[in-house]
Amino acid sequence: MSAPITIEINGEARTLRAPLTVRELLTELALPVERLAIELNRGLLPRTEFERALADGDRLEIVTFVGGG
Amino acid sequence: MSRRDPSPESALSDEPLRIGRHEFRSRLLLGTGKYPSHDVMRACHEAAATECVTVAVRRVDLSGREKSLLDWIDRGRITLLPNTAGCFTVEDALRTARLGREAGLSELVKLEVLADPGTLLPDPVATLEATRQLVKEGFVVLAYCSDDPILARHLEQAGAAAVMPLGSPIGSGQGINNPRNIRLIKDSLRVPVLVDAGVGTPSDVTLAFELGIDGVLLNSAIALARDPVRMAAAMHHAALAGRHGFLAGRIAVTEHGRASSPESGKIAAATR
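Line order of the protein sequences matches chains C and V.
1 is the number of the first residue of the first sequence in my numbering; add one for each residue after it.
1 is the number of the first residue of the second sequence in my numbering; add one for each residue after it.
There may be inaccurate statements among the hints.
Here are some chain V residues pointing at chain C (derived, C-beta under 8 Å) [said to hold, decoys possible]:
#, residue
1, Gly33
2, Ala56
3, Val57
4, Leu62
5, Gly64
6, Leu70
7, Asp74
8, Pro82
9, Ala103
Read the hints as simulated data drawn from the structure, not as lab findings.
Note that beta-carbon positions come from the ideal geometry of N, C-alpha and C, so glycine has one too.
Produce the entire structure from the sequences given, and follow the hints as far as they go.
Set out below in structure tokens:
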């Protein structure tokens with residue numbers, strides 16, 4: 001087991017166990033994969049890359065659809 | 001002279017609204033924001049018979065307590081149109097559009113790049129730049145813009161699938177401030193023209209369609225009405241009235257009155 005990592009999710013810093021993939025993080029957060037999209041360090045992270053391991057200092061934006069006009 | 005079939009259904013036949021590979025029988029596009037509840041929103045979408053609704057892209061609620069809006073949208077019948085609402089730079093609009101495509105698995109995007117939070121007016125230069133980039137990336141761009149006919153032409157040339165001039169500022173309820181420009185825009189473009197933003201009343205919707213435009217997108221006028229579902233139904237009828245009024249062809253405006261009843265066969269006139 002490696003040392004824990006600190007990442008930023010939607011502007012909030014969180015310290016998490018490592019190694020941890022994006023998909024594992026979504027499972028821990030109980031977020032449904034099919035209705036959201038993710039940016040990693042300001043670039044779109046396609047679903048096909050959700051197995052990627054998170055690194056210390058990564059910044060994630062996890063978004064979904066909400067009401068709007 | 002052949003008589004037309006007088007049934008209302010056949011008299012009200014129409015082409016679908018075509019945007020990219022999508023076809024919509026309803027020409028009314030609705031928003032999903034500001035309704036009193038998700039249930040009311042769903043009832044409004046049904047009452048307006050809409051087949052396309054806009055949705056915004058925002059950070060998920062990490063507590064997981066928020067219910068997903070999508071559970072109240074019948075995606076078998078309704079197409080999602082992700083928007084870039086609230087973006088003030090080209091970069092943020094591009095990022096939001098890419099996230100919306102990834103979340104919704106659709107290439108449709110309502111592009112909105114605003115100039116400032118005070119006026120909420122679209123930034124024409126940034127909108128044009130973002131349109132060019134998104135078209136390159138394979139998006140079907142519905143470009144929200146000001147009611148400038150030349151800008152509309154530039155957006156079409158940049159590859160926008162539809163151009164959406166504002167009726168008036170977002171959420172203002174002022175209606176169609178410059179109907180002459182809206183008509184000029186419609187007359188000079190080949191892609192669909194939709195009036196987006198500013199609608200307050202059913203008659204605003206009717207007027208928009210009487211100008212010949214292809215669709216109307218509205219949100220606040222329904223969501224914030226005292227009785228949203230009734231207003232949604234009213235907007236549906238208003239859209240049909242305006243659209244078919246346009247297709248039927250209006251009479252010419254004349255300076256003086258023209259009698260509708262025969263001049264001949266009248267009883268002896270009294271002397272004045």
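Here is what the structure says about each hint:
1. Gly33: 4 Å, holds
2. Ala56: This hint holds: Ala56 (chain V) lies near chain C, its Cβ roughly 3 Å from the closest one there, short of 8 Å.
3. Val57: 5 Å, holds
4. Leu62: Holds, about 6 Å.
5. Gly64: 5 Å, holds
6. Leu70: Holds. Min distance 6 Å.
7. Asp74: It is violated, given that the least Cβ distance between Asp74 (chain V) and chain C is near 15 Å, above 8 Å.
8. Pro82: At 7 Å from the nearest chain C Cβ, Pro82 (chain V) passes the 8 Å test, so the hint holds.
9. Ala103: 4 Å, holds
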